[in-house]
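**Student:** Now for the letters of each chain:
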Amino acid sequence: MVDFRELLTSFVIIGLCVFSIMAFVITTQSQNNVSDPVVNVEVIGSAYSSLNESLRDQQSNSESALELFQSENPLVVFGSIIFYSVISSGKLFTGTIVGIFNILIKLPIVLLGVDPAVASAIILILIATIVIGLWRLYKVGG
Amino acid sequence: MVCEGLESLTDTGISGILSYPNTCFNWFWGLIIAAIFFVIALSLYFRDRDRQVNPDFMSILGVSSLASIMIALAGSLLGLIQKEVFSVILAVGLVFVIIWLIKRN
Chain A
1 MVDFRELLTS FVIIGLCVFS IMAFVITTQS QNNVSDPVVN VEVIGSAYSS LNESLRDQQS
61 NSESALELFQ SENPLVVFGS IIFYSVISSG KLFTGTIVGI FNILIKLPIV LLGVDPAVAS
121 AIILILIATI VIGLWRLYKV GG
Chain B
143 MVCEGLESLT DTGISGILSY PNTCFNWFWG LIIAAIFFVI ALSLYFRDRD RQVNPDFMSI
203 LGVSSLASIM IALAGSLLGL IQKEVFSVIL AVGLVFVIIW LIKRN
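Chains as they are written, first to last, in our numbering: chain A, 1 to 142; chain B, 143 to 247.
In isolation and in its complexed conformation, chain A is listed as follows (with noise of 0.2 Å):
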């Protein structure tokens, strides 16, 4: 199973280069006055803007997380060191994680008509891989 940490970064570099094409292509037809920009197709333009809010909010999320883990005092038994703000901070990522899946699903779906039931198959996937790979985490530390 894949590390968290890995599966956040993949994500998150995901959610940037499908940002930076759509940017890219968007601001070309703006630039270029196209008559009808393919921005008008509504789940494209709600994709686009999506993305952009959901990236821009990882800054404040993480710097909660930071917070949270800066803040706490850890607690020392048998060994090892326990970081109860881990497990907050893992939440938080994994509605980073699920918020880009949710976004980035919905252009085959709309734009490509499949079917729904392949999305769940996927979110199920995905959902479990996170549950594990936090586990696992929380279980040795990364």
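Calculated directly from the structure, the hints in this document are not laboratory data. Check before you lean on any hint, since a few could be wrong.
Not close to chain A: a few residues of chain B, all C-beta gaps over 12 Å, as computed [what the hints assert, rightly or not]:
#, residue
1, I156
2, A183
3, S185
4, V195
5, I202
6, A216
7, F228
Some but not every residue of chain B turned toward chain A, in silico, with C-beta under 8 Å [what the hints assert, rightly or not]:
#, residue
8, L173
9, L215
10, L219
11, Q224
12, K225
13, V230
14, L232
15, A233
16, I240
Each residue gets a CB set at the ideal place from its N, CA and C atoms; glycine is no exception.
On the provided structure of chain A, position chain B as indicated by the hints.
**Tutor:** What follows is chain B alone, placed relative to chain A:
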């Protein structure tokens, strides 16, 4: 289905002539771009095979998708590709790019 004849062409410039097939079939240039996608993908695949390197199929599809998106963008700037066609090309291309990035990471 009867398509309009050339006499209905109002814009006789290059972009007008090139966008003439769209009057009958919206997906004309979309299919051309799909063909370009397959040509690029197969070229990369056989190039890797000739170099006796194991071809990484997802990487080939990802790179071909990026090229197709850029060609479709150029087409949309010339008015050859409508937003409906471009949005489907963009969605398919992004799916391949996402799978490629997931596999790489």
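**Student:** State for each hint whether it applies.
**Tutor:** Okay, the hints, checked on the actual structure:
no., hint, result
1, I156, "holds (16 Å)"
2, A183, "holds (18 Å)"
3, S185, "holds (22 Å)"
4, V195, "holds (24 Å)"
5, I202, "holds (17 Å)"
6, A216, "violated (9 Å)"
7, F228, "violated (5 Å)"
8, L173, "violated (16 Å)"
9, L215, "holds (6 Å)"
10, L219, "holds (5 Å)"
11, Q224, "holds (7 Å)"
12, K225, "holds (5 Å)"
13, V230, "holds (6 Å)"
14, L232, "holds (7 Å)"
15, A233, "holds (4 Å)"
16, I240, "holds (6 Å)"
The structure fails to meet hints 6, 7 and 8 from the earlier list, while all remaining hints are met.
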